[in-house]
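Student: Next come the chains, spelled out residue by residue.
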Amino acid sequence: MSVRHALLALLSEGPKYGLQLREEFEARTGEVWPLNVGQVYTTLQRLERDGLVESDDDAEPGPQKGFRITADGAEELAGWLRTPPDLASPPRDELVIKILIAVRLPGVDVHEVIQSHRRYLVELMQQWTRLKEEEGDLDLGLALVVDAELYRLDSVVRWLDTADGRLKRAALEPPAPANGPAPRIRRRTGARR
Amino acid sequence: MNAVLELRSVSKTYLDGADEVHALRAVDLTVEPGRMVAVMGPSGSGKSTLLTIAGALETPTAGEVVVAGRPLSAMSRDDKARLRRQSIGYVFQDFNLLPGLTAAENVALPLELDGRSAGKARAAGLRALEQLGLADRASRFPDQLSGGERQRVAIARAVVGERRLVLADEPTGALDSANGEAVMRLILNACKGGVGAVVVTHDAQLASWADRVVFIRDGRIVDRTAPRPGPDSLLAEEAAR
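Protein sequence lines, in the order shown, are assigned to chains R and L.
Under this note's numbering, the first residue of the first sequence carries the number 1, and numbering increases by one thereafter.
Under this note's numbering, the first residue of the second sequence carries the number 1, and numbering increases by one thereafter.
Chain L extracted, bound-state conformation:
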């Protein structure tokens, strides 16, 4: 199956005054459709840079990024902007909803920006909200929603339309554990629907929702978890004690 995201030996170097900062060093990462990959690391390890490069928001210094089979290096600025609108959904820690728009308008916005009619975009937005159990919140403004509801709206916006890749940066940020778990279930359900997801976090409980966890240190992927066995072995192991 074709990967929705491939990072091939991606490096990113910044200049901080006279100093070179290596934010990423030769990172390889592949995300298949239907899979959730968590990237775990301490702050300053390069995990957020990895996400912005995977999301075509920043350009790597070296290496190649391929989203849904298309190498970003060969794309014009306009092509990349279209790819971001059509294929990539972003979920941020602080939700990033536009305060002047209702929940439904926030979710429909990427489709409208992509040239769909307002009516069609709104209908697709409502469907996405409905799937996340937020139909009755559609005409509320962000400040009329709870933190958990706001993040669910942000997820609806990230998966609306024909998104292939969802990128989430500490998506459960300040949410309590029940709301945080709800957010991870929604991302997981989006994966079951065929999107690939990358979740960047320092939180092991969050990362443990992923099919695969990669560990990043000083811009380098230093380790990854083995393919995850089912829970049966866990219970059998307990039973054998």
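This is chain R alone, in the form it adopts within the complex:
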């Protein structure tokens, strides 16, 4: 989560004070990502150092100091919005690793391991869904965050379901003869921005 770019976005609407930026950040993200005041000021100082925002020269540092976005800041923000996050290299996903280990480990029922993760994920999804059901007119920012969490967790459950089925079928079929070493997935390094 880029606090830096979120602050630039808020300043692109007009000049604001530090405290105001913190409140607006929390409100826009459905209050799911709380931000402490120190984080806000440190980030603003760095933005100012990099020439992306300007502050009132005469004001003392503190809640009453106002900030404005610069032309470079606006350009930086526009570029960031359109830069895709790094999704190309397969992440070292903890859950995937656990299932891969459970498949090989003697005395471990991989289906039982899968189910324990599935139950936990569905319980989390129930909690997120409850936010939708209890607040009929959910704040737009929070509604978007809730949807994102539900789709993210849902995709993990779907992967577990698929893995469950694949392992069940594999147990019924004789193993295919090994055909040379398995291809390696090339992992890109240093691609994360």
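The hints are simulated quantities; they were obtained by calculation from the structure and are not laboratory data.
This one's a predicted model, so the numbers in the text were calculated from it and none came from an experiment.
Just so you know, not all the hints are guaranteed correct.
Facing chain L, a subset of chain R residues (Cβ under 8 Å, in silico) [what the hints assert, rightly or not]: (1) L10; (2) E76; (3) T129; (4) L150.
Here are the in silico distance ranges between beta carbons for each label pair [what the hints assert, rightly or not]: (5) L:G148 with R:Q45: 47 to 53 Å; (6) L:P227 with R:R158: 21 to 27 Å; (7) R:A27 with L:D143: 24 to 30 Å.
For each residue, glycine too, the CB sits at the ideal point set by N, CA and C.
Position chain L relative to chain R; hints supplied.
Tutor: The following block gives chain L in isolation, referenced to the frame of chain R:
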């Protein structure tokens, strides 16, 4: 509080040629009034069989099914048919509306079959449609409705009258996410009005609307979610990171 549905050690075995197929094995499940229970499992796990047995559409090979306090094993065919008309509402993936009847007539049909006068049945049907925001669609035929509207009519039909138990099999089937969510809200509202609901699905997003989720594999309930904590703990947990 008395449960609206109890399955007590219910088993169902079919004969497939010479092979015995165990569709359900000693399933226990209780649904209280006002609660939604989701049954999650892959296809072939027995979840649809569970629903047809809970709905008195099929008889278990062993065990007992109790609907609204009445054991089905002690009931005659006629009694069961009456129970199905009066106390149980069904929602299917493909809506199952009768194409020759209007929305209002489809909703009123179970009441008419139960012996209410056409006028009273129609009035109750209109009320149910109104509650689901479909009053202006009452005289349309199913083929004049969108998919989402058809499923809402099917839900109105499932909750009309004094239904105690709503059974839904993949109720959001081919609907888009907004219409699917609307369908789940309607079932949830019916629960808030006091009915108990069982929703069978393989979809975790759908299941997460339920108070309780049970997981079925090879005809057996293998797991269930803990009682659901409120969302506050979720936000607090996020805040603590």
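Student: For every hint, state whether the structure bears it out.
Tutor: Going down the list of hints, with the structure as the test:
{"no.": "1", "hint": "L10", "in the structure": "violated, 20 Å"}
{"no.": "2", "hint": "E76", "in the structure": "violated, 27 Å"}
{"no.": "3", "hint": "T129", "in the structure": "holds, 4 Å"}
{"no.": "4", "hint": "L150", "in the structure": "holds, 6 Å"}
{"no.": "5", "hint": "L:G148 with R:Q45: 47 to 53 Å", "in the structure": "holds, 51 Å"}
{"no.": "6", "hint": "L:P227 with R:R158: 21 to 27 Å", "in the structure": "holds, 25 Å"}
{"no.": "7", "hint": "R:A27 with L:D143: 24 to 30 Å", "in the structure": "violated, 46 Å"}
Violated hints, in rising order: 1, 2, 7; the structure is consistent with all others.
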